[in-house]
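Asker: Sequence:
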Amino acid sequence: MSSLGNLLKMLYILKRGQKVKVKDLAEELEVDHRQIRRYKEELSEYFDIQSITGPNGGYILCDEYFPFKDILTEKEINNLKRAIDTVSYSEEYELGKAIDKINFTILNSQSESLISEQIIPYSRPKMEIEKINKMYNEINLSILSCKEIIIVYVDNKGSLTRRAIQPHKFLRFKGEYYIIATCKLRNEIRYFKLVRIKEYILTEKRFEKMKNIDELINEYKENSIGIFGGNEIEVELEINPPMANTIKERIWVDNQEVIELEDGKILFKAIMKLGPELISWVLSMGDSVKINSSEELKRQVRIKVENIFKNL
9 MSSLGNLLKM LYILKRGQKV KVKDLAEELE VDHRQIRRYK EELSEYFDIQ
59 SITGPNGGYI LCDEYFPFKD ILTEKEINNL KRAIDTVSYS EEYELGKAID
109 KINFTILNSQ SESLISEQII PYSRPKMEIE KINKMYNEIN LSILSCKEII
159 IVYVDNKGSL TRRAIQPHKF LRFKGEYYII ATCKLRNEIR YFKLVRIKEY
209 ILTEKRFEKM KNIDELINEY KENSIGIFGG NEIEVELEIN PPMANTIKER
259 IWVDNQEVIE LEDGKILFKA IMKLGPELIS WVLSMGDSVK INSSEELKRQ
309 VRIKVENIFK NL
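Position 162 of the sequence shown, counting from 1, maps to 170 under this note's numbering, and the rest follow consecutively.
Don't take every hint at face value.
[Claimed, not checked] Quick list of in silico lysine to aspartate or glutamate cross-link-like pairs, EDC-like style, CA-CA up to 20 Å:
1. Lys-219 <-> Glu-50
2. Lys-182 <-> Glu-285
3. Lys-229 <-> Glu-265
4. Lys-277 <-> Asp-262
5. Lys-201 <-> Glu-138
6. Lys-298 <-> Glu-285
7. Lys-229 <-> Glu-242
8. Lys-229 <-> Glu-207
9. Lys-217 <-> Glu-207
10. Lys-165 <-> Glu-146
11. Lys-155 <-> Asp-222
12. Lys-217 <-> Glu-196
13. Lys-17 <-> Glu-36
14. Lys-165 <-> Glu-207
15. Lys-27 <-> Glu-49
16. Lys-17 <-> Glu-35
17. Lys-277 <-> Glu-303
18. Lys-306 <-> Asp-295
To be clear, the hints were calculated from the coordinates, so they are not data collected in a lab.
Whenever a hint applies, use it, and build me the whole structure from the sequences.
Answerer: Following this line, the structure appears as structure tokens:
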């Protein structure tokens, strides 16, 4: 088959929306692994194809429609995402339907739920859209040109710090935008929420592009229900209905095991990263959950509950 034919065939294999290993693609197209990687690079000029590393890695076509990059530029899509995040349309049925269509055909990916699903039950980010757009676009130039930025940042405790960062990539999580960057103050990869950046200075100081940033992100996301995780622990939760139904209907981490018990109960087992989002997730189940393990998870949840009682 010609190169063009192989490209089209590979594209339609990926369009199934499932992860496909390089080995399987090579066998299907009757070429070597190196040629598959060349095809991937060519297709990536027009389609958003994610590379998953590791023994079970492969390629995933992230777009839900054809074509992706020919309709809107990346800048236009990101501006549209941020604009939609600021819209509340819970009372406007027709507007809600229209936004969901836009989101499904252009904005949606496997890692992001529908915008209406993010906004209606809970809240939407409070942000000055013009200010965020300006910051996003200017910082994006620094990412593309590998130039350092000096930021004044407010942390979770309200403390202001001034630091130099080497920005690598943007990440969108729960409707909020973060910069994934090397923090020169801490000398490690950190996530910085855009709305917490009070001042920023674009510098001309260049840094070497980090080639494995996507691999690092995948490592951080592995066995985590958020983007802020710590050490891995063995989690075992006994969950009662109706919360049991909600938990068993979703994949929280890839290694999870759900065992059906009597009276609609479930036993949830997984290796997960201990962090604030895991603790919040457990607390959100209220009195429907019993923590069987780990002891450290019990301890941290107990501290949170005791602090809540102190404030009553």
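Asker: Does Glu-207 lie within 20 Å of Lys-217 when you go C-alpha to C-alpha?
Answerer: 24 Å, violated
Asker: Is it true that the CA of Lys-17 sits at most 20 Å from the CA of Glu-35?
Answerer: 12 Å, holds
Asker: Holds or violated: Lys-229 and Glu-265, Cα atoms, limit 20 Å.
Answerer: 18 Å, holds
Asker: Between the alpha carbons of Lys-17 and Glu-36, is the straight-line distance 20 Å or under?
Answerer: Judged against 20 Å, a Cα distance of about 9 Å means the pair holds.
Asker: Please verify whether Lys-217 and Glu-196 have alpha carbons no more than 20 Å apart.
Answerer: Distance of about 15 Å is within 20 Å: holds.
Asker: When you check the alpha-carbon spacing of Lys-219 and Glu-50, does it fall within 20 Å?
Answerer: 18 Å, holds
Asker: For a C-alpha distance cap of 20 Å, please report whether Lys-201 and Glu-138 respect it.
Answerer: 16 Å, holds
Asker: Does Lys-155 pair with Asp-222 here, judged by a C-alpha cut-off of 20 Å?
Answerer: 19 Å, holds
Asker: Holds or violated: Lys-182 and Glu-285, Cα atoms, limit 20 Å.
Answerer: 12 Å, holds
Asker: Do the alpha carbons of Lys-229 and Glu-242 lie within 20 Å of each other, as the hint requires?
Answerer: 16 Å, holds
Asker: Does the alpha-carbon distance linking Lys-306 and Asp-295 stay inside the 20 Å limit?
Answerer: It holds: about 14 Å lies between the C-alpha atoms, which stays within 20 Å.
Asker: Against the 20 Å threshold, does the CA-CA distance of Lys-298 and Glu-285 hold or violate the hint?
Answerer: 18 Å, holds
When held up to the earlier numbered hints, the structure conflicts with 8, 9, 10 and fits the remainder.
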